[in-house]
Amino acid sequence: MIFQEPRLLPWLTVLDNVAFGLETQGLSREEARSRARRYINLVGLQQFEAAYPRQLSGGMAQRVGIARALAVQPEILLLDEPLGALDAMTKIGMQQELARIWREEDVTTVLVTHDLEEALYLADRILILPLIDVDLPRPRDRSSAAFVRQREELLHVFGLH
102 MIFQEPRLLP WLTVLDNVAF GLETQGLSRE EARSRARRYI NLVGLQQFEA AYPRQLSGGM
162 AQRVGIARAL AVQPEILLLD EPLGALDAMT KIGMQQELAR IWREEDVTTV LVTHDLEEAL
222 YLADRILILP LIDVDLPRPR DRSSAAFVRQ REELLHVFGL H
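Take my numbering: the final residue in the sequence shown is number 262, and no numbers are missing along the way.
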């Protein structure tokens with residue numbers, strides 16, 4: 102999982118942040134560091150292995166988060182607005198990096214974004230969810246006519262009824 106904020110452990114170096122999850126999976130410290138270095142290189146941060154999160158730019162910190170997520174070699178990579186907090190130029194650069202990394206790693210990825218251009222640039226398929234206002238009083242009664250009517254409307258919107 103890659104979040105909007107990198108959520109790095111501030112007391113660990115870049116190398117140790119990426120290796121952390123690997124060690125908790127049972128890899129030896131040496132194996133974890135070796136694999137972590139591979140993914141740090143993949144995201145282009147090999148010169149920053151010994152740096153702490155406070156010494157990194159926002160884009161660099163996000164790349165550490167990407168390396169950390171990829172290092173555990175997930176079957177599915179989940180990204181929750183991973184570039185939303187970056188400035189426009191850094192965001193474009195990171196989108197290019199993500200596209201390159203996905204080509205190299207070939208991992209199934211689910212990206213949540215509100216950025217239409219980002220979705221078009223990165224995705225092979227786009228799912229757009231409708232925003233539906235629920236105008237029911239609280240507490241809600243599942244057996245009320247208004248509740249049942251709203252449920253039927255939702256089922257119709259999603260083609261389930």
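Hints may be right or wrong, so weigh each one.
Stated by the list, open to error - With beta-carbon atoms standing in for the labels, derived distance ranges:
1. Ser244 with Ser129: 51 to 61 Å
2. Gly194 with Arg155: 42 to 52 Å
3. Ser129 with Ala151: 25 to 35 Å
4. Leu221 with Pro111: 44 to 54 Å
5. Glu218 with Arg241: 48 to 58 Å
6. Leu256 with Ile177: 19 to 29 Å
7. Ser158 with Arg241: 27 to 37 Å
8. Leu256 with Glu132: 45 to 55 Å
9. Glu124 with Ile193: 29 to 39 Å
10. Val258 with Glu150: 21 to 31 Å
11. Glu106 with Gln174: 36 to 46 Å
In short, the hints are calculated from the structure, not lab data.
We put the beta carbon where it would ideally sit given N, CA and C, even for glycine.
Checklist entry - Is 21 to 31 Å a correct range for the gap between the Cβ atoms of Val258 and Glu150? => result About 50 Å separates the Cβ atoms of Val258 and Glu150, which means 21 to 31 Å is violated.
Item to check | Hint check for Arg241 and Glu218 - Cβ pair distance inside 48 to 58 Å | outcome: violated, 38 Å
Next on the checklist: Is 45 to 55 Å respected by the C-beta to C-beta distance linking Leu256 and Glu132?
Outcome noted: holds, 50 Å
Checklist entry - Between Leu221 and Pro111, does the beta-carbon spacing fit 44 to 54 Å? => result Check failed, 35 Å falls outside 44 to 54 Å.
Checklist entry - Honestly, do Ser244 and Ser129 meet the 51 to 61 Å range at C-beta? => result With Cβ atoms ~58 Å apart, the hint holds.
Checklist entry - Range hint 36 to 46 Å: satisfied by the CB atoms of Glu106 and Gln174? => result violated, 23 Å
Next on the checklist: Given a hint of 25 to 35 Å, does the C-beta separation of Ser129 and Ala151 actually sit inside it?
Outcome noted: Since Ser129 and Ala151 have Cβ atoms about 20 Å apart, the given range 25 to 35 Å is violated.
Checklist entry - If you check the beta carbons of Ser158 and Arg241, does the distance land in 27 to 37 Å? => result violated, 46 Å
Item to check | Distance restraint evaluation - Gly194, Arg155, Cβ atoms, bounds 42 to 52 Å | outcome: violated, 21 Å
Checklist entry - When you take the CB atoms of Glu124 and Ile193, is the distance between them in 29 to 39 Å? => result The hint (29 to 39 Å, Cβ to Cβ) holds, given that Glu124 and Ile193 are roughly 34 Å apart.
Item to check | Pairwise beta carbon distance, Leu256 to Ile177, judged against the given window 19 to 29 Å | outcome: holds, 28 Å
Of the hints listed earlier, those the structure fails to meet are numbers 2, 3, 4, 5, 7, 10, 11, in rising order.
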